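*Asks:* Please build the complex by placing chain B on the supplied structure of chain A, with the hints as guidance.
Number of protein chains: 2
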Amino acid sequence: MALFVQKYGGTSVGSVERIKKVAERIADFYRQGHDLVVVVSAMSGVTDQLLQLASQLHPEPSEREVDVLLSTGEQTTIALLSIALHALKIPAVSLTGAQAGIITDARHTRAKILNISPKKIKELLRGRNVVVVAGFQGQNVEGHITTLGRGGSDLTAIAIAAVLHAQCCQIYTDVEGVYTADPRIVPRARKIEEISYDELLEMAASGSKVMQARSVEFAKKFKVPFEVRSSFTNAPGTIVKEEVRAMEKVVVRAVSLEPDQAKVTILGVPDKPGIAAKVFSRIAEAEINVDMIVQNISDHGLTDITFTVHKSLLKKAMVALDPIVTEIGAREVRATEGVAKLSVVGIGMRSHSGVAALLFSALAEAGINVQMISTSEIKIAVIIDEAVGKKAAQVVHDAFKLDQLL
Amino acid sequence: MALFVQKYGGTSVGSVERIKKVAERIADFYRQGHDLVVVVSAMSGVTDQLLQLASQLHPEPSEREVDVLLSTGEQTTIALLSIALHALKIPAVSLTGAQAGIITDARHTRAKILNISPKKIKELLRGRNVVVVAGFQGQNVEGHITTLGRGGSDLTAIAIAAVLHAQCCQIYTDVEGVYTADPRIVPRARKIEEISYDELLEMAASGSKVMQARSVEFAKKFKVPFEVRSSFTNAPGTIVKEEVRAMEKVVVRAVSLEPDQAKVTILGVPDKPGIAAKVFSRIAEAEINVDMIVQNISDHGLTDITFTVHKSLLKKAMVALDPIVTEIGAREVRATEGVAKLSVVGIGMRSHSGVAALLFSALAEAGINVQMISTSEIKIAVIIDEAVGKKAAQVVHDAFKLDQLL
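If you read the protein sequences in the order shown, they are chains A and B.
Note that full-length UniProt numbering numbers the first sequence so that position 226 is 226, with each residue one more than the last.
Note that full-length UniProt numbering numbers the second sequence so that position 405 is 405, with each residue one more than the last.
None of these hints come from the bench; they were simulated from the model.
Hints may contain errors.
Partial list, computed: chain A residues near chain B (C-beta under 7 Å) [unchecked claim]:
| # | residue |
| --- | --- |
| 1 | S15 |
| 2 | V16 |
| 3 | Q52 |
| 4 | S62 |
| 5 | V68 |
| 6 | T72 |
| 7 | S82 |
| 8 | A84 |
| 9 | A87 |
| 10 | P91 |
| 11 | S94 |
Note that the structure is a prediction, hence the values are computed from the model and not measured.
All C-beta atoms, glycine included, are put in the ideal place defined by N, C-alpha and C.
One chain only, chain A, in its complex shape (with noise of 0.2 Å):
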């Protein structure tokens, strides 16, 4: 019998009902002979309704406080969990996060996990009950309560199904995994049966929702498998694991699209050394987030630079390059609202030619412009008109036969 670590997202804990739904699941697990770790976040709306009361309080309540505030959604989860679990006559026992051993650095609201602990979780294991724990959670060193921030309660799961070697981590969720496509988007997006850690993250960066970069590199860091599965239906999901040999044999495993993008091009910049350093250190001392950055070859000793950010954030990067375009001695900057980014993911186009080739014939056979192009190893990702976002997804899904399991 294998040690199983699931973790319950704040919809699939978000009533009584569902609640109950999930005990039925985990008790199906425990009868079978397996032990289980299940870990929960809040139910869903508690954590707003919280810092909704915070924010009455104070503009900017203390970090502290609302680590403390916010760490009772996961405890009235892990609660009521153990209590339908009881119902269901099933040993069941929950552990906040500190008591769980979860040590974390003293950064509020967003700390890392340092260490865990595991000696009260396994003694529970020992005495055969299923041990219940608060996601998201953990203490520092001093006994202050901390968490994890956004995907927070997916990192505790990931990190105690790495210190326990349980044989598999289960990430039950809304979706029944990762799809070769948003299907609302492109109604023929299949999902993935196996994915690498590599190519999930750079689907992550480019706006697939399925889980924060953040948890998916901490599974890589350890080398713990997990599987993004639906709470919802029995459907097997999405096995995420370090690259495998016949995972190269598909080239392009998945097609993104990231609507709500906004362009900025500083035009006529001489192209001197320092110049693009003095653009991004401005930017980044105004906390802006900037995806896609390309700079062409210079003409005539000037060039231009364009950079991508999400469109909210365009008039802050506006008024913070307002100073430096006669700094740096550049013709002037130009914004560019209504554009999407499109991005094919896959490890197997490190050793196959010609992916960006069948990527920019599909989007010019559909009439699609390309505006900006950018590359990693694994990614091609293409700046195009919002309005023809859909459409260039489902071209390209066609293109690279995604539909279809090779």
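*Replies:* Just chain B now, with coordinates in the frame of chain A:
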């Protein structure tokens, strides 16, 4: 400057607006230079909501998990109150019961405080922080979360005041203090300035809802004087402390009326040793709380035993007694609903005769019949018809001149 321990109950912190008001009160004390430990309850209604969730999952939820669940209530309040204090530029740090060093026994949902290690509290006070502690909760020596049961937050405040040798412990509530009678029943009732632990204990046992007897007993044991006062006004409250000489000048401190009582009489009981033991063992097995017990002298070897219970327990008591009546050879059992208990309480009556006489005369003059009498060293209680309870409380309050400051 002095060290104050303040406790705010669920109504006092029942909304964001009320939390702001409480923060302002605390800020005033802090700015006067005082050191402050503030103990808070869960926001009113929260505990019931959580219990309701648990009961939807299990008819008898595990007490360990109920403690994990309920303790989130106060944890939410400590974070919110600390954030509200920060908005007033007051340094404040929250501590859960466990973080505050409150160690209890392992009896979940009704734990007893074994010990407080105030190291963390003292350290924070030295840094001139307001320390905001979650009432009602602690942890046992194995690190499991426990709760203290009804009145638990008062207990937390008094225990912390004891261990820190606080100058004053203020229990903020929704009434202005302890009154000579319930003002809704006796309009001329007056707030009492000072009262002894024993008097308040007798009043708690007589239906006065100001504080749980348990917290008063704890304060008496550790000689912690405290003040019961309102968080909605600035009026001084009632100081509760050890008996002082001046206190004895007041013969009767207060009148309490406890409605909804029922009377059970076992008639024609053989006056032999062990009969009463049999009766009340049976009642105890059925987990029925008995209040007054009266047995008169026997007549022809037969006696009558009467006791009172809350009317909601009457049926259960009758069922429990049914088999025993034949067993002990009693003639019959008779139940009477619609009675009330009226008590007069006062340390002074120990050294003054005539209290009983004055009480009975006042009732007789008003045409009120006394059905049962029971006395303790500082209390006389009578059972009367519930319909005349209010009138009885008024005439007795007048007879003892409780509306006048002596």
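*Asks:* Close enough to count: is the Cβ of S15(A) nearer than 7 Å to one in chain B?
*Replies:* Interface hint status for S15(A): violated (10 Å vs cutoff 7 Å).
*Asks:* Holds or violated: is the Cβ of V68(A) closer than 7 Å to a Cβ in chain B?
*Replies:* holds (4 Å)
*Asks:* Classify the hint on V16(A) as holds or violated, based on whether any CB of chain B lies nearer than 7 Å to its CB.
*Replies:* holds (5 Å)
*Asks:* Hold the hint about Q52(A) up to the distance rule: shortest CB distance to chain B must be less than 7 Å.
*Replies:* With Cβ-Cβ at 10 Å, over 7 Å, it is violated.
*Asks:* Given S94(A) as an interface hint, is its Cβ closer than 7 Å to any Cβ of chain B?
*Replies:* holds (5 Å)
*Asks:* Classify the hint on A87(A) as holds or violated, based on whether any CB of chain B lies nearer than 7 Å to its CB.
*Replies:* holds (4 Å)
*Asks:* Can the hint on P91(A) be confirmed by a CB-to-CB distance to chain B that is less than 7 Å?
*Replies:* violated (10 Å)
*Asks:* Hint validation: A84(A) versus chain B, beta carbon distance must be below 7 Å. Holds or violated?
*Replies:* Constraint on A84(A) satisfied, holds at 4 Å.
*Asks:* Does S62(A) meet its interface restraint, that is, does its C-beta lie within less than 7 Å of any C-beta in chain B?
*Replies:* holds (5 Å)
*Asks:* Once the shortest beta carbon distance from S82(A) to chain B is found, is it less than 7 Å?
*Replies:* holds (5 Å)
*Asks:* Would the hint on T72(A) stand, with a C-beta cut-off of 7 Å toward chain B?
*Replies:* Constraint on T72(A) satisfied, holds at 4 Å.
Consistency note: the structure conflicts with the earlier hints numbered 1, 3 and 10.
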